[in-house]
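Asks: Residue numbers (the working numbering), protein chains in the order written: chain A, 1 to 241; chain B, 242 to 439.
Hints are not guaranteed to be accurate.
Unchecked claim - In the DSS-like style, the derived pairs of lysine-lysine whose C-alpha atoms are separated by at most 25 Å in a straight line are:
{"no.": "1", "chain 1": "B", "residue 1": "LYS299", "chain 2": "B", "residue 2": "LYS245"}
{"no.": "2", "chain 1": "B", "residue 1": "LYS302", "chain 2": "A", "residue 2": "LYS112"}
{"no.": "3", "chain 1": "B", "residue 1": "LYS302", "chain 2": "A", "residue 2": "LYS111"}
{"no.": "4", "chain 1": "A", "residue 1": "LYS153", "chain 2": "B", "residue 2": "LYS377"}
{"no.": "5", "chain 1": "A", "residue 1": "LYS49", "chain 2": "A", "residue 2": "LYS72"}
{"no.": "6", "chain 1": "B", "residue 1": "LYS245", "chain 2": "B", "residue 2": "LYS302"}
{"no.": "7", "chain 1": "B", "residue 1": "LYS299", "chain 2": "A", "residue 2": "LYS112"}
{"no.": "8", "chain 1": "A", "residue 1": "LYS111", "chain 2": "B", "residue 2": "LYS299"}
Said to hold, decoys possible - Simulated restraints on C-beta separations:
{"no.": "9", "chain 1": "A", "residue 1": "SER2", "chain 2": "B", "residue 2": "LEU255", "range": "53 to 63 Å"}
{"no.": "10", "chain 1": "B", "residue 1": "LYS245", "chain 2": "A", "residue 2": "ILE151", "range": "48 to 58 Å"}
{"no.": "11", "chain 1": "A", "residue 1": "ARG25", "chain 2": "B", "residue 2": "GLY381", "range": "28 to 38 Å"}
{"no.": "12", "chain 1": "A", "residue 1": "ARG25", "chain 2": "B", "residue 2": "GLN279", "range": "47 to 57 Å"}
Claimed, not checked - Calculated Cβ distances over 12 Å to all of chain B for the following chain A residues:
{"no.": "13", "residue": "MET1"}
{"no.": "14", "residue": "THR69"}
{"no.": "15", "residue": "SER73"}
{"no.": "16", "residue": "VAL185"}
{"no.": "17", "residue": "PRO189"}
{"no.": "18", "residue": "THR193"}
{"no.": "19", "residue": "ARG202"}
{"no.": "20", "residue": "VAL210"}
Note that these hints are calculated values from the structure, not bench results.
Since this is a predicted model, take the numbers as computed values, not measurements.
The C-beta atom is built at its ideal place from N, Cα and C for all residues, glycine as well.
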Amino acid sequence: MSAETCRISFELFEGPLDLLLYLIRREELDIYDVPLTRVVDQYLDYVRKAEELDLDIASEYLVMAATLTSIKSRALLPRRAGTEEEEDPRDVLLRQLVLYRAFKEISIELKKFEDVWRDSFAAPGERERWASRSAPLFPGQAGVLDLVGTIEKLQTELEGPPPQRVQRPMLTIPDCIGLISEMAVSGRPVLLTELAGPSPTRYRMVCFFVTVLELARRGWVRLRQETPFSALAVERTERWA
Amino acid sequence: MLDKLARQIEALLLASDHVLTLERICELTGVHEDSALQAIERIRDSLTAGGHAIMVRKLGKGYRLGTDPDLGELVSGLFEDRRPGRLSRAALETLSVIAYSQPCTRADVEEIRGVNCDSSLGTLLERGMIQITGRKETPGRPLLYGTTSEFLEYFGLTDLDHLPRVGEITELLGMSPDEMRRRSMSVDHESEDGPAGR
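Work the whole structure out from these sequences, hints included.
Replies: Have a look at this one:
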């Protein structure tokens, strides 16, 4: 299959079911003729080629590829007793194909009607509606549900990025350094938990912890721990003036 | 020569800028439905006999005067780009599903078409071909869609019962895969491949 054929095909088909119907017709098969092994392989070829060409195809094609692969592999495995309750994916696919085919035909029928009746014109009211989308409504033209639909649409459109709110940080690292400086006296280790104060918020705890790490890095404090996982003690060093 | 009642109804039909219901006609003229219906037939006959380019169209619950579609190309010259374009294949497919399954949800349509229908639904709502008719009382309370009277007018349908193959498609929608298989066995294989063999 050439790159051109592949690209054009995906532009022409309305979706995986459309492609499948085309392949079934091309092979002159009956859609009731499951498992359609040849058709499945051809479908997978199309999808694989599309991926090779890096075509942007709808994800539904890939979902169908997975479904078909699963059907194909199930057909190869021996039937296990007790798996009959699950809906047979072949049945699901058959129903989809039958219904889609029917509606595809119907849409062609309706198009014929459209071709005829689009050419019949009537009194001004209709034209007014084309000319200005904001034409006043007449009684009964819109209902509560139209409003609901419109509001929902507006809401999704309006939900853009939330406005930025800049909050003053409650506690800064320099603040923490200052507090530690007051509390940590040389020679007397202070527990990290004491530094943070009684019932600290998580934010406060993290702030102090980060500060202590920074101070340790600078060599201004020494960290002690009696046993693994026991409380951390912070001791001021001589280097901290 | 049209009689008084027929003339009255003809005047109403011309002036009305929307489909005129039989009920409204009777209200305004003060006659019974039967009399109104007969008068409408007289108007129709008169128009045909006179070779007029105007016809009385029955659409949905009422009537409208419309130009003969044969003259479509000429008349469309009056509107040039103001006339909305034809519907795309995707829109037609989506609309078809809704027409026969209504009221139905977006998921119902996507299940049948096998693809995402967001843009078709948007287009159809904008064009006034479909409308939201309510919500389905299932988790998530999804919106239900149905066709409008504009849909009927656009396709020249008298009412939903005049949709092509309506009985057959409605039946098909209710079938299980096994029933579909059985149906295919009993139906003549010729008619099965009919229009599908394009």
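Asks: None of the hints should be skipped; say for each whether it holds.
Replies: Checked hints:
no. : hint                              : result
1   : B:LYS299 <-> B:LYS245             : 21 Å, holds
2   : B:LYS302 <-> A:LYS112             : 22 Å, holds
3   : B:LYS302 <-> A:LYS111             : 22 Å, holds
4   : A:LYS153 <-> B:LYS377             : 18 Å, holds
5   : A:LYS49 <-> A:LYS72               : 19 Å, holds
6   : B:LYS245 <-> B:LYS302             : 24 Å, holds
7   : B:LYS299 <-> A:LYS112             : 18 Å, holds
8   : A:LYS111 <-> B:LYS299             : 19 Å, holds
9   : A:SER2 <-> B:LEU255: 53 to 63 Å   : 59 Å, holds
10  : B:LYS245 <-> A:ILE151: 48 to 58 Å : 49 Å, holds
11  : A:ARG25 <-> B:GLY381: 28 to 38 Å  : 37 Å, holds
12  : A:ARG25 <-> B:GLN279: 47 to 57 Å  : 50 Å, holds
13  : MET1                              : 22 Å, holds
14  : THR69                             : 16 Å, holds
15  : SER73                             : 20 Å, holds
16  : VAL185                            : 62 Å, holds
17  : PRO189                            : 58 Å, holds
18  : THR193                            : 47 Å, holds
19  : ARG202                            : 35 Å, holds
20  : VAL210                            : 44 Å, holds
Against the hints set out earlier in the document, no violation occurs for any number.
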